[in-house]
Structure formats: structure tokens, C-alpha cells
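With the sequences and hints as input, model every part of the structure.
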Amino acid sequence: MSKPTVVIAGAGLAGATVATELRERGFDGRILLFGAEQHHPYIRPPLSKEFLKGEAERSAGDVHPEAWYADNAVEFLPDSVASSFDPAAHELFLDGGARITFDSLVLATGASPRRLSVPGAGHGAVFTLRTIEDSEWLRSALEVGGRRVVVVGSGWIGLEVAAAARGYGNDVTVVGSSAVPLSSAIGPELGRVFERLHTDNGVSFRNAASVVAIDGDDDGPREVVTGTGVVTGTGERIPADLVVVGVGAIPNTAIAERSGLSIDNGVPTDQGMRTVAEDVYAVGDLANPFLPVIGRHLRNEHWANAIAGGTVAARSILGESASYDDIPYFYSDQYDLGMEYSGYGPLAADARVVYRGDVDAREFVAFWLRNERVVAGMNVNVWDVNDQVQRLIRSGERVDERRLTDESVDLASL
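In the working numbering, the protein residues as written are 7 to 420.
Warning: the hint list may mix true and false statements.
To be verified - Listed next, with one range per pair, are the computed distances between beta-carbon atoms: (1) Pro125 <-> Ala76: 30 to 36 Å; (2) Ser118 <-> Ala76: 25 to 31 Å; (3) Ser90 <-> Leu324: 23 to 29 Å; (4) Leu420 <-> Ser118: 49 to 55 Å; (5) Arg64 <-> Ala255: 20 to 26 Å; (6) Asp101 <-> Asp416: 55 to 61 Å; (7) Ala62 <-> Glu195: 28 to 34 Å; (8) Pro245 <-> Arg376: 23 to 29 Å.
No lab work stands behind these hints, which were simulated from the structure alone. By construction, the Cβ of each residue, glycine as well, lies at the ideal position given by its N, Cα and C atoms.
So, in C-alpha cells, the structure goes:
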């Protein structure tokens, strides 16, 4: 009997994690890893952090050295785009007409940056940030310094780009649709902590603002163009030499839609990363898995999710009992501030925030409390506590708020 074939459509961190986990757990069948880009799998956080700031080489983001794939019999096929699949026939179709038979198929097609749909959005001085090439272009444009940079979007990507741009000595304005940066992610109270961080470092904000146009012609070459400008809904024109758009991402669901899968904020899966199609799984930014802990589906675009979901999918393929129970986690570095966040956004959305430490000095741990239980936590310039924060979340036990916020009380004792 021939050995089974696992086909992975998408060669980002999630797809690479599936391949890695399969091999590490003893799978000896065939693994085909199709990537739309020419690069071997890499992680994306450095693209807006260390690499963009010039503090790391491009190779620092590689999931594995190139030799790993051949050494572990993982057939990596770059520049290969999967277009659809036939769930009944267990066949994957590639752009160009090739068809691949699979025993298990993993959809790991990721997400694409959301783009502005305003006049001038295709101007050559307008950047998005998703790929290695995007980060290389942006880094070369920013490292010159002395340029006027307008960042559209006041979420994590927007603020990380703003910090990198200021680090190179550029003039930076952030235009955000919310009244407070990061308010949809961590609430307005903590969003103001990050806003003050950026204003202290010379960034200007236009909050609760919309972009209605960008000066210049669409479809120009990618370049820095003196004299570009961003026009807001109030009629203000903000001069810019380059514009960076960071207004979220859209899951790449085309392959799933063409193949008859239902779409609901990505591709829904069960707790084992299985889609409704037999032997078909979804992982990473594309997947909207069911999380038993919170009793609902939750799509998560952070890198830790790619590892967690990829690991669960590999175990499910192998017939093991596997469930997505990792607590969502991400981190950010901006200027001299480093932070880690763990928790469930839907539960934290209307929870009460309490603090341990000095918020004004930006050295603290924030806890989101819901019914006296910790549902999320964020440590800011306080280290080696994330495991303890996750333990409190995972326990689901009521906590004594007085002791939780008292720095003299060891978190491990709670």
C-alpha cells in the first residue's frame, strides 16, 4: 500500500508548522508544500519590527534553514498558487492546470492587506506591508530619513511602522479611524498609553479621521514622490513623501469559495482545525477555529496562532485527539516599549481593566477582569510574567483584585 500524501496549500508559518509537526511526530508519507511566493517559509513579525528597523537580517525570519526541507523530505514548490480542490475526488488544482491527489489537504493561504478604495490609492508612493519585498521596499524608503511619512491606520502594524519611521528620523503622522489608537484591540484606556508613547517620540495623530483621497495618479511605479499628500474627510491635506496603509487584512478565501466551502470570517473549522470537507483542514490567518474554552469561533492573525493551529492540524491528520486550546498571544516592540498580550479578545472587550505597576512610567501589567476572573493580560516593560498571566487565564478561577494589583504579592502565589 502506498504511503499517504499530505498537501499543504500555503507556505507561511502555519503551513510550515504542519509539515514540521508531521515529521517530528513520525509521519513518513509524502508532504508537498506549495507556496505562492518564491521564498521558503518565513515569519512576518520582523517585517514590521526588527528587520524594518534595520536590526536584523532577512534570514532571521526563516522558519527553517533551506536545507531542512530536503533533509526532512518536505517537497517545497515555490511560485505555486492553488486555485481550487475537489473534495470528493481528493484532488487539488493549481493555477496552470496541474492537479495533485491528496489524502489530506491543509489550506494555509493566509491573508492579504486591506487596501484603501479612494482616488490615488494606487499611487507608487503608497505602501502596504505583508511580504519580505514590502518590508525591503519600505525599509529602503525610510532609512534615508528626513521624509514626510503618513501612516493610515492606528492599529499594531500602523504604530510599529510609525515607530520604525521615527527611528530613522522621519516626520510621521498617523491617520486613524478610531478616536484612540488601538482601541479596538486593547480598549481606549490602554490605547492612550500607546498614543502618549508616540507623541512623546514626535508622532502626530489625526484620530477619528477618514482618508478620502491620495494625491497623484494610480498605478504609478513604487517610489518615493515628493509632493504627495493624504486628504482627510475634513478637507485637510497632509503632505507626504510616502504613505503606508495598515488598515487590517482580509483572509485569502478564494480557494475555499471556489471549492464550495462556506465562508464566515475566513474558513470555519472545528477544534481540530477540520473544515466541513472530509480530510480538508484550515490553519493560520485563513482559519476561523472553534475554541472550546470560550465556546465560539475566533479567527486570529497573530503568529502564535499559526503555530498553535498548525500543530493541532498535524495531530488531527495523524488521527490523534487534538483540540485548539492555546491562549491567543502576540507581542509588540515600539521605541523603548516592549509588551506581550495573552487573552481572549471577545471576553476582554467589555471587561474591567486593573493594573499592577506604574502605568505612567510604562512599566506595568494590565489584567482584564470579567466576573472576577482574568480573561486577558498584557505586560508592558515587565518581563518573565507571561507564563503566570496565562496560568491565571487558563485556571478560570476567581482572583482577589487587591492581591492581583499589589506588586509585593508574587503572581505565582495567586
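Hints versus structure:
1. Between Pro125 and Ala76 the Cβ separation comes to about 49 Å, which falls outside the hinted range of 30 to 36 Å.
2. For the hinted restraint 25 to 31 Å between Ser118 and Ala76, the CB-CB distance of approximately 30 Å keeps it satisfied.
3. At roughly 26 Å, the beta carbons of Ser90 and Leu324 sit within the given window of 23 to 29 Å.
4. In this structure, Leu420 and Ser118 break the distance hint of 49 to 55 Å, their C-beta atoms being roughly 42 Å apart.
5. As the Cβ distance of Arg64 to Ala255 is approximately 21 Å, the hint placing it in 20 to 26 Å holds.
6. For Asp101 and Asp416, the hinted distance range of 55 to 61 Å is satisfied, since their beta carbons lie about 56 Å from each other.
7. Taking the beta carbon of each, Ala62 and Glu195 are about 32 Å apart, inside 28 to 34 Å as hinted.
8. The supplied range of 23 to 29 Å is broken by Pro245 and Arg376, whose beta-carbon atoms lie about 45 Å from each other.
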